[in-house]
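Spelled out from the first residue to the last, the chains are:
Protein chains: 2
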Amino acid sequence: MRNAIHAKTLLAALLVAVAFGCAARDPLPSWNDGATKAAILEFVAAVTDENGTDYVEPAQRIATFDNDGTLWVEYPMYTQLLFAFDRVRELAPQHPEWKTTQPFKAVLEGDMKTVGESGMKGLMEIIVATHSGMTAVEFDQMVTTWFATHKQSRFDRLYTECVYQPQLELLDYLRANGFKTFIVSGGGISFMRPMTLDTYGIPPEQVVGSSYVVAEFQINDGKPQLVRMPKVGFVNDKAGKPVGINEHIGRRPILAFGNSDSDMQMIEYTMAGDGRRLGLFVHHTDSDREYAYDRESHVGTLDKALDQAEANGWIIVDMKNDWKEVFLVR
Amino acid sequence: MRNAIHAKTLLAALLVAVAFGCAARDPLPSWNDGATKAAILEFVAAVTDENGTDYVEPAQRIATFDNDGTLWVEYPMYTQLLFAFDRVRELAPQHPEWKTTQPFKAVLEGDMKTVGESGMKGLMEIIVATHSGMTAVEFDQMVTTWFATHKQSRFDRLYTECVYQPQLELLDYLRANGFKTFIVSGGGISFMRPMTLDTYGIPPEQVVGSSYVVAEFQINDGKPQLVRMPKVGFVNDKAGKPVGINEHIGRRPILAFGNSDSDMQMIEYTMAGDGRRLGLFVHHTDSDREYAYDRESHVGTLDKALDQAEANGWIIVDMKNDWKEVFLVR
Chain A
1 MRNAIHAKTL LAALLVAVAF GCAARDPLPS WNDGATKAAI LEFVAAVTDE
51 NGTDYVEPAQ RIATFDNDGT LWVEYPMYTQ LLFAFDRVRE LAPQHPEWKT
101 TQPFKAVLEG DMKTVGESGM KGLMEIIVAT HSGMTAVEFD QMVTTWFATH
151 KQSRFDRLYT ECVYQPQLEL LDYLRANGFK TFIVSGGGIS FMRPMTLDTY
201 GIPPEQVVGS SYVVAEFQIN DGKPQLVRMP KVGFVNDKAG KPVGINEHIG
251 RRPILAFGNS DSDMQMIEYT MAGDGRRLGL FVHHTDSDRE YAYDRESHVG
301 TLDKALDQAE ANGWIIVDMK NDWKEVFLVR
Chain Z
1 MRNAIHAKTL LAALLVAVAF GCAARDPLPS WNDGATKAAI LEFVAAVTDE
51 NGTDYVEPAQ RIATFDNDGT LWVEYPMYTQ LLFAFDRVRE LAPQHPEWKT
101 TQPFKAVLEG DMKTVGESGM KGLMEIIVAT HSGMTAVEFD QMVTTWFATH
151 KQSRFDRLYT ECVYQPQLEL LDYLRANGFK TFIVSGGGIS FMRPMTLDTY
201 GIPPEQVVGS SYVVAEFQIN DGKPQLVRMP KVGFVNDKAG KPVGINEHIG
251 RRPILAFGNS DSDMQMIEYT MAGDGRRLGL FVHHTDSDRE YAYDRESHVG
301 TLDKALDQAE ANGWIIVDMK NDWKEVFLVR
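Protein chains in written order, with the numbering used here: chain A, 1 to 330; chain Z, 1 to 330.
Take the hints with a grain of salt, since some may be wrong.
For identical chains, the list gives no copy identity; a pair is met inside one copy or between any two copies.
What the hints assert, rightly or not - Dumping the calculated DSSO-like pairs for lysine-lysine here, alpha-carbon to alpha-carbon at most 27 angstroms:
no.: 1; residue 1: 238; residue 2: 223
no.: 2; residue 1: 180; residue 2: 223
no.: 3; residue 1: 304; residue 2: 223
no.: 4; residue 1: 99; residue 2: 320
no.: 5; residue 1: 324; residue 2: 223
no.: 6; residue 1: 304; residue 2: 113
no.: 7; residue 1: 99; residue 2: 113
no.: 8; residue 1: 231; residue 2: 121
no.: 9; residue 1: 238; residue 2: 324
no.: 10; residue 1: 151; residue 2: 320
no.: 11; residue 1: 324; residue 2: 99
no.: 12; residue 1: 151; residue 2: 304
no.: 13; residue 1: 99; residue 2: 180
no.: 14; residue 1: 320; residue 2: 105
no.: 15; residue 1: 121; residue 2: 324
Since the hints were made in silico from the structure, they are not lab data.
Quantities reported herein were computed from a predicted structural model and do not represent experimental measurements.
Isolated chain A, as found in the complex:
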């Protein structure tokens, strides 16, 4: 059965390749030829073929992408947490109590094991303390400055350059085929927006994410502004993703791309619609060029989704074998 599907998609890909006329016009040059790439090309060809039975009108061509581990590196630690830890160190002089209060003490001492053991509760305390107490405009500038000045240690690249070249090509390819591309991430919406347009070509209004702190409208000294309050808002993760999609987009995606069990609900919701659908997961299998992690990982755990992929028709993208390039080609 699996081979039958592969033969079909390979044939379709061949037809698509012929239609494209020449190899030089390959829309996904950083994807190796094979079943995964073939399935993507065949899907896009099918939903854009006005005379085909799988045709989807442009307005309904919604594609949603997770961010951490799907569009950019998330290992060994989510970028937003690294930003938060930097903020803890920066704010420490104004918080002498942090020297003796966990999990802040552990951050200041570089004791990541204790930080990790503080769990979701501890991490949320760190996020709320470091992401609130300023206006929305000030936070945006803070994040922008941080992105411009901090590098991922192993790859010696800005975080905005630790994005996956094959995915940038896929985003472009989808948009060229009438898709509207959205980010749907557990990451903070205000943390992502300063980088999504320049990096992914995705404008702020097409970013769906968590509101780790809520904003409040205030008029201070006659100046109307949004102030970030120390209060947790909506968490756009796991079962929250379909809810966030419905709130922000109001349409069900026809293509969704994730990389962990936290993306399962988004993919399930996507695949449950009528007509042709495509659900994909990046599997981090490349310790040489990036990282290899899945079932036991402390970030981006990919376990249940691996087990259920074949039965559900989800595509597991094998980073090592499916991607010719990993990071943004500069």
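Starting from the known structure of chain A, arrange chain Z on it as the hints suggest.
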């Protein structure tokens, strides 16, 4: 001072009219010539003039419109409440307790005075009871059917035809000039979305509204779906509007259009940005063609905004004098 502004904007409008070449190509034919129309034309000309000092790049041309009383009729009662009252009558057989429980009893008896006296608390009870307990898809279909079968009593028109022709022209005109148009309404996001695309040309992902009930992702009988729960979510009204704008759009509008004091914060937030901005309110002054109401009205109260408009440079659109047509020209 006021006359000076008017003379300037009239002159600008004249120049715009000359630039347009002939009256036949007036982009706002249902707006009477005068200071209001001139101010709109001049603003759009200014922010789209690449060589001018007020130029705004297309991506930043965000325009937000309130819905009730700004794009469609809200008097004598918000359309969504009329839908909710119909739902109470429909569901009554399954809720024998409503015969003796307020505010449901009053709805069933047609006693609108008592319903009104139940206040925001009572109305929210009605909304939550009638807007939850079904999937998102089912609710969408319910609303679509209601819109197709119910008419506004005084005008004998479908509610989707009780929309303002001058505003439809303005939406088109803004989009033709590179603006992205959004609805930002206190109305329920799921109540508006079934009608905004066909009626206003605004797709679901550009609708910002209240989540009067929150959705929850569930897998029922193996079917992934969003179920509307009896729990109040975000209310996108008054100070909630800038918050909703920031969450959904992530950019500050450069033009905002409302009609009541509930829109003041949206307009204040809009006007507080850098560069040229335009803030407008519809003033319902036309009891012959629509309705006349403002300071003392039980819906769409326009009081403080009227007082503060001139000092803040907000434009008050006088329905009677500024609009040649009121409703959609069929």
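Which numbered conditions among the earlier hints are violated in the structure presented, ordered from lowest to highest?
4, 5, 9, 11, 12, 13, 14 and 15
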